[in-house]
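Q: Below, each chain spelled out in residue letters.
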Amino acid sequence: MLLASARRDASAFAELVSRYYKPVYRMVWRMMNGNAETEDVAQEAFVKLWQNPAQIREARALKGWLMRVASNLAIDRLRRKLHADIDAIAEVADPRQVTGAELEEQAVTARVNQAIASLPERQKLAVTLVYFEGMSNISAASVMEISVDAIESLLTRGKRALRESLAEDWRGLLDELSSKAG
Amino acid sequence: MEKYDETRMDAALEKLLTRATEPSVPEGAEARLMLAIQSVGQQVNVVPFQPRPRIQSWTVGLPLAAALALGIYIGSKDTFDAYLPDAITDGVSADMSDSMPSTGLDDAESYAEGDVT
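Taken in order, these protein sequences are the chains called A and B.
Mapping of the first sequence onto this note's numbering: position 173 corresponds to residue 267, and the numbering continues sequentially without gaps.
Mapping of the second sequence onto this note's numbering: position 76 corresponds to residue 549, and the numbering continues sequentially without gaps.
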């Protein structure tokens, strides 16, 4: 597919897009805290691939390359913006009539989103790749171009930050979840 | 915080993370991407890596070994002496016929006796 894409075969490229667009989009969405420019950034990463597919020498490196390029673009875009729209996540509206339990659920979701959005960039990327995209530490380290030790350190610090920020307001929830886990 | 052990806290955290919003790709995003790539060209400013063809070591080693063996063989025979310049062969024979190499010891005696002409 990669070779076919290099020969300007749009249908082969469409196959690549259908395979990798969703994970790239999800990662960019988290890095940009649900910002409206998520689609632009994800698209830009694929356009870079289309413009110069020779940058990828091995097909198995493609996903990692896309993730790396897209995350760098997302971080650049975020840094250019003076105010990242963190609150936009909480504004995702559900058109259905919601019950009290659902409202509570939405509030939990908003708090978790907020805690993730508040992480420093690199910790957020590490948490996103490993916890949300299910990548191994080795693959995530490759995407971030750092050592496995470094990504483990980022994950440890990220988890600690998440635990602290969520435990402040959701100690009861943690109690409940912790007792179920036990 | 202290009452939670590390494993339970990690498990709780992972469960909490599952409650984060799961982003969904907007309708038609992939189609818009495919439209976008139609409007941009491809660059070829990076030359794809071409692995260097492997040189078979024996194709080099075998002729070199044969040349070395031939050189040793020829060097050990007089077969080609006639073809070599006289300066080489004469010089060698002159050196070989000189049974008393000059060590300078004879001259030393002369110096000791004051004959320093």
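To be clear, the hints were calculated from the coordinates, so they are not data collected in a lab.
One should not assume that every hint holds.
[As the list claims (entries may be wrong)] Some chain A residues close to chain B (C-beta under 10 Å, calculated; not the full set):
1. Ser-112
2. Tyr-119
3. Val-122
4. Gly-128
5. Glu-133
6. Trp-144
7. Leu-156
8. Gly-158
9. Trp-159
10. Val-221
11. Asn-231
12. Ser-241
13. Ala-244
14. Lys-253
15. Leu-256
[Unchecked claim] Okay, derived cross-link-like pairs now, EDC-like style, lysine to aspartate or glutamate, Cα gap no bigger than 16 Å in a straight line:
16. A:Lys-116 / A:Asp-134
17. A:Lys-116 / B:Glu-503
18. B:Lys-488 / A:Asp-134
19. A:Lys-157 / A:Glu-109
20. A:Lys-175 / A:Asp-134
21. A:Lys-157 / A:Glu-239
22. A:Lys-116 / A:Glu-227
23. A:Lys-116 / B:Asp-551
24. A:Lys-116 / B:Glu-495
25. A:Lys-116 / A:Glu-138
26. A:Lys-157 / A:Glu-258
27. A:Lys-175 / A:Glu-227
Don't be surprised by glycine CBs; every beta carbon is placed ideally from N, CA and C.
Q: Confirm or reject each hint.
A: Hints, one by one, checked against the model:
no.: 1; hint: Ser-112; result: holds (6 Å)
no.: 2; hint: Tyr-119; result: holds (5 Å)
no.: 3; hint: Val-122; result: holds (9 Å)
no.: 4; hint: Gly-128; result: holds (7 Å)
no.: 5; hint: Glu-133; result: holds (5 Å)
no.: 6; hint: Trp-144; result: holds (5 Å)
no.: 7; hint: Leu-156; result: violated (15 Å)
no.: 8; hint: Gly-158; result: violated (17 Å)
no.: 9; hint: Trp-159; result: violated (13 Å)
no.: 10; hint: Val-221; result: holds (8 Å)
no.: 11; hint: Asn-231; result: violated (15 Å)
no.: 12; hint: Ser-241; result: violated (22 Å)
no.: 13; hint: Ala-244; result: violated (20 Å)
no.: 14; hint: Lys-253; result: holds (6 Å)
no.: 15; hint: Leu-256; result: holds (6 Å)
no.: 16; hint: A:Lys-116 / A:Asp-134; result: holds (14 Å)
no.: 17; hint: A:Lys-116 / B:Glu-503; result: holds (9 Å)
no.: 18; hint: B:Lys-488 / A:Asp-134; result: violated (31 Å)
no.: 19; hint: A:Lys-157 / A:Glu-109; result: holds (13 Å)
no.: 20; hint: A:Lys-175 / A:Asp-134; result: holds (14 Å)
no.: 21; hint: A:Lys-157 / A:Glu-239; result: holds (14 Å)
no.: 22; hint: A:Lys-116 / A:Glu-227; result: holds (10 Å)
no.: 23; hint: A:Lys-116 / B:Asp-551; result: violated (82 Å)
no.: 24; hint: A:Lys-116 / B:Glu-495; result: holds (11 Å)
no.: 25; hint: A:Lys-116 / A:Glu-138; result: holds (14 Å)
no.: 26; hint: A:Lys-157 / A:Glu-258; result: violated (32 Å)
no.: 27; hint: A:Lys-175 / A:Glu-227; result: violated (26 Å)
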